[in-house]
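So the chains spell out like this:
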Amino acid sequence: MADGVADMFDDQSSDNNGYSSTEDRSRNKKPAATSNRRRHYSDDEDDNDDEEIDDGGKGGRGGHSDSEDSEDYEYIKKKPVKRARKKRARTNNFLDIEASVDTDEEEDEDEDGALGDFIVDNEAELASAEKDALRHRSAMRAPAGVFADDDEDEALDGEALEARLRARYSGYGDTGRATAGAGAAVDGDWVPQRLLIPGIRDPHLWVCACLQGKERDVVLAAARRVFQWHGKGKFDGVYSAFCRDGLSGHVYVEARSLAEARDVLEGIPGVFVSKLGLVPLGDMVDVVKIKARAPRINPGAWVRVRRGNYSGDLAQVVAVIEAADSVEVRLVPRLDYDGSSGKGERPTPRLFNTDEARRSDSRSLTSRQNEIMWRGDRFVGGYLHKDMRVAGLTLHAAPTLDEITKFAGDSADGDDSAAIAALAAAAAAADIGGPVVARDLQPGDAVEVIDGDLAGVVGVVSSVDGDVVRVSSDVGARRAAPMSFAPRQLRKRFAAGDHVKVLAGRHSGATGMVLVASDAVVTVHADVGGAELRVLARDLRVSSDVSGAGGQAQAIVGLDIHDLVLLDGGQPAIITRIATDMLTVLDDRGETRTVAPRDARPTRSNADRAGVDCAGAPLRRGDTVREISGGRREGSILQVTRFVAFVLPRGSETLFVARTRQLEPANTRGAALAPYATRTMRPPQGAPRGGRAGAMRGGRDPLVGKTVVANRGPYKGYIGLVKDTTGDMVRVELHSNAKMFNIGRDKLSVKMPNGDTVPAADFGNTGQMPPPSSTDSGGYANGNSRDRGASGSASNSYSAWGAPSPAPARGGFSDGRSPAASGGYAGWDARSPAASGGGGGSGWDARSPAVTGGGGGNSGWDARSPAATGGYSGWDTSGTASAANAWDTPVNTGSAAGGWGDASTNPTPAATAGWDATGNSVSTSSGWAASPAPVTPGALPQTPGGPFPQTPGSSYDAPTPQAPGRTEDGFFAWAVPRAKVVFGPTRQHGTVTDVSAARHQAILRLEDGSTMAIERSSLSRLDPQPLRAEKRDRVIVIRGSRRGATGTMVGKDGSEAFFQADGDSAWHPEPLRNLAVYDDNNGRR
Amino acid sequence: MAARVPKDKRQLRACLICGIVQNHHTFRDQGCPNCDRYIRMRGRSDAVTDCTSAIFDGMTAMFQPNGTWVGKFAHINNYEPGVYAAHVTGRVPEDVEDALAQKGITYHPRDGSAEE
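So the sequence lines, in the order shown, correspond to chains X and G.
Quick note, the first sequence lines up with residues 1 to 1085 if you use full-length UniProt numbering.
Quick note, the second sequence lines up with residues 1 to 116 if you use full-length UniProt numbering.
It should be emphasised that the hints constitute simulated quantities derived from the structure, not laboratory data.
Accuracy of the hints is not assured; some may be wrong.
Claimed, not checked - Cut-off 20 angstroms, straight-line C-alpha distance, at most; resulting in silico cross-link-like pairs (SDA-like, lysine to any residue):
1. G:K9 <-> X:D539
2. G:K7 <-> X:S326
3. G:K9 <-> X:L211
4. G:K9 <-> X:S326
5. G:K9 <-> X:G213
Given these sequences and hints, build the entire structure.
Listed below in C-alpha cells is the structure:
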C-alpha cells in the first residue's frame, strides 16, 4: 500500500501541479497573499472582480492549481455584476473592521500557531456568548425578508457584526499555518462549526416538502438545473440545495428569496413547491447539522444474515470495509459437499471439512497461506469468510452463549472455554448496543464502564431513564455526581461470591454463586445440581432467590409456586411446579397439567379472594378446612376462588382441589350443630374495598339458595328457592312451577335441613349464641348483650331499647350508604345481625321498615360516646347499641333518661376516635341535648334523604362524615399501638407503634427493625389487617367496647375468641376479628 | 458545470477528504476535483475505493461557493461547486493520512467525529 500511497501523491510524480510547486508558489506569494487575504476575508461575500485579489484569495483559501484556476476563474468571472453595489456599501464599515481585527492578526503572525489556537478558543467563548443575542436578534429580524440591501441595518447592529466578523476571522490563524505548511486545498480554513452561525446577510434557507425517499433525486435534479443555467442569469441567488438523510421528506434550498428557491424546485418530480417555507435563522444550524444515525459496526460484532442460504445464521464481523457498505463476516458454512441435500433444505452448519471437499471437488480446492478456497468461497480455520453488504445483515444480534458456543464449534465444547470466553468477550466488547440494553439494567446494579473516556470506571446504577443510565461512582474517594452513560457503554459487574440469577439463555432461571467473573463471561456455581454454568454477564442479575428443587426456576417474573393463575377460558389453577419454560398446574378439576407460561395468566392481587364454605361462611387463604364428604381430607387453603379451593393437606406436599361448598372449617366444633354460626360470627376480615370485594364481603345473603316457605301473603304456604335478595325483598322461585316472585323477607321462613323453620328475617342470626341475659327480642340483641354485660348500665339501656322495636328490621340503617359507613362498617359487621341480614341493600333508601327500623338502626346509631352527640360517633366503629337506645327511649318509654344516661356513662374512646377520623368535630352534646330534633326520633328513620336528617342546627355544621375512603378510615379506626398487623403484597408483619386517626397516619415497625409510615394514600396498596391471634397469644382488643384492652386469648370457637383481660380471671367472648396480636415489645426485639 | 453532478444514483461515492459525491467511475476517470492534486485517484480504482466511501449522509449541492452559509458550515466553501456529502462514513487509510500529514495537511475526517 505504501507504494500506492506514494503514487497517489502527486508531488512525487512528474506532474507539474505537484504539491512542492504549490508550496513554492505560495511561499513566494505569501506576503501578497496575506494582505490580499485580509481583504478577501473582510469582504467574503463579494467576488472580486479584481483578478489579483481573487488569485490571492484562492491561494489562501484553496490553493488551487493554475490549471484548475483557469476554469474556476471563468466561473467566477461570470459572477453577477450587481456585486459592485454591495462593495460600495461595505466600505462604510470597513475601517472599523480593519481596526478591530488588525491586532489579532498581528498577534497571529507574531506568535504563529499556538496563540492562534488560543484566540480561536477565546473567540469561541465570545462568539458563543453572543450567539444567543445574535440569534435572538436575527430571529426577530428574519421575517423582514429584505436581504440585498440590509447593509445599513447591519452597520447599526454592531454586536452582530462584530460576532460575525470574529467568526469569519477566527480561522485565520489556522489558515495561515496551513498555508505556510502546504497547500490548503484539503485543509482550508477549518473554522469550528460553532463559530459559523448564520448571519442575517447569509442567504436564507428554505425548506420544501418532497416525497420521502426522493430527497436525493430532488437535490440532484435541482443541481443539474442550476448548473445548467448557471451564468445565464438564472439562479444567481441560489447558493446550495441539500437534503439530509435524517430529515426525510424535506429538501432545503439556500437562496436569497422565496421566488428563487421556488424556481429551483418547481417542476422537479416529487417536490411539493406549495409547501415551501422559510427556515428560521435560529434553526439553520440544527437543520444542517442533523445526521442520520448510522449504525456502527465494529469488528468482532455479532450479526445475523438476513437472507439467502445463511438466513438467520449468526455471523461475526471480521473486518469492516468502511468505504463500501459491506463487511467481511465469518460464518459456520452450510456446505453441501456431495449434493446429498434435497432441494429446498439447506445443509446443517458445520465447519469446513477439507477432506470432504477434496473428495467431492478436489480441483476447485486451493489453499493460500491459512486460507482455503473452495468453489469460490474462502475458508479460514473452517469458517466461511464472506463479504456481505451491511444492508443484508441484522446488526446487534445479541447471541446467547449457546449460539456462541455452537459458533465456536465442537472443539470449544467442554474444556476449551477459553475460546468461548474470548469470543464472548469480543462480542461483549465489540457488539456495540448488544451487550447491555437499558432494560437489563436496574438501579443498584454494579456496572463497569467499558467504552468512552471513562472506560474502567466502576459504579452503581443510580437510575435508568430511557436510554440514559446514570451511574454514580466513587472515583478517588470523593463521590462524584452521577454520570450519564449509554447502556452500551456499560457492562454489569460481578464479584466472586455474588449470588446471582440467570435471566436469559439456556440456564435462564437458574441461580448460583459467582465463581469467576472474568470479562464478559461469568462462571456460576449453580445452587441446584452444583454445575458450573458459564453465562454472559449481561444475562445475570444479583439475586437472593434460590431456584426451586430439581432445577426448577422461576420462569416468569411475577409467577411463583402456589400462585393462582387463570388458564385459557378463565379456568383457575394453582402452580405446582415451575420449570424453565413450563408450568405445572393443578386445575380446578383436580387435573395436573403442564402449560406454557404464556397460557397461564397471573391473577390479580391474591389478597382478598374468598370462597364460601358449606355454611356460607367465607373461606380465605390460610384457613384450615375439612371436606364435609368424601375423604374428609383436611388442610389449609393455599388459594381459593369463588368455587374451588386449593388445599394443602397438613404434612403433605400434594395439593387437592375441593369445591368450596364441600368444605367446612376444620377447627369449628360447633359448625355442624350451628351451620350458620360462622356466617355471622365470622366477620369479614378487614375493611371493605368497595366494588366486588365489598360485595363479596358484605356477602351473599345467606338466604340465597335456601329453601323457604312463605308464611304470609298470597303465596302463603308455598315452598320455593331463594334466588336473590335485595334489602328486605326476596326473590323466590317456587318449587312447584318454577315461577318467580318477590316477597318481603319478613313473610318468609327458612326451612332448615333438620326440618325446623326459621324466620327469614332472622336467618343467619339465630344460630349464634343466644344472648346470655337477653330478652327475647330476637337475634339482633345478641351483639350488644355482651357489651352490656360488661357495662354496668346494661340493664337500663337494654330495657330501653328492646322495647320499642318489636319488628326489628335488619337492614334498617346498616348499609354502606349510611354516612357512618366508614367506621361503622366494622362495628357493624361485628355485632349487628343486620349486617348479615341486610346485605347492605336497605339502609336509608330502603327504609321501609321505617320506625321499626329504628331497632335495627340502633346499633348503627349507637353511641358509647361521652356526650349525647356522641350518638353520632355511634355511626362509627364501636358499633354498640347503647346510645341508639337513647334514641329510642324518648319516643317509647319514659326511660329516656336512662337511655341517655347510659350513653353518657359509657364513654368509649373508640367512638370519639372514629369520629375524629371522619374529620368532623362535634363540640358538645348540646346540640342534641338541647335541640328538639332528637326528641322526635320517630322522624329519624323516615328521613332517608340525608345522613343526618334532623340536623339539629348550628351546633352541628358538618354532618356528613366522609363516605369515601372507608377502607382507610377502617384501618385508622382500629389500629392501636402495639397491635400487630400484616400488610403489603407480601403480607409481611409489622407492629403499629403509633397511630393518629385524626391525621390518618400510622407508624409501623417492621420485623427487621425498620419503620414505615402508613397514610391514607398508601392504605389501599398496603391493605393492613390485624394479625390474627391464635390460642395463648397475647392480644389487644382493637374494636368494640373493650378496645385497647390487652390480655390473652385463651381459646376460640369458630370466629369467637375467648379473651381474658389482663388482671381478670374471667373469660369474655370476643369476636376473633376484634383481636389482634399484641406486641409487648412494641416492635423491638 | 453540469458535469459535476452525478449522472445517476448508482455507485455514488463520497470523497473521504472533501466529501464530494460522484459516481465511482467519475472518480476513477476524472479524479476528485478538489483533492486529486494530492491524492490521485484518477485511473486508480484502488485509490478510489480507499479514499471514497459509499456510505454517506446528506447531500448538499453547492452552486456558489462564495456566499453560501451552508457550504461554509460544511467546510466545503473552498471547494469546487458540486454535490457534497454532509457526513462520510469512514476515514482514509492511515498511510494516506500520514502522507497527508507529512505535507502539513491536517486531515479532517468527515464522519462527524471531528465536530464539537
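Hints violated by the structure (listed by number, smallest first) | 1 and 2
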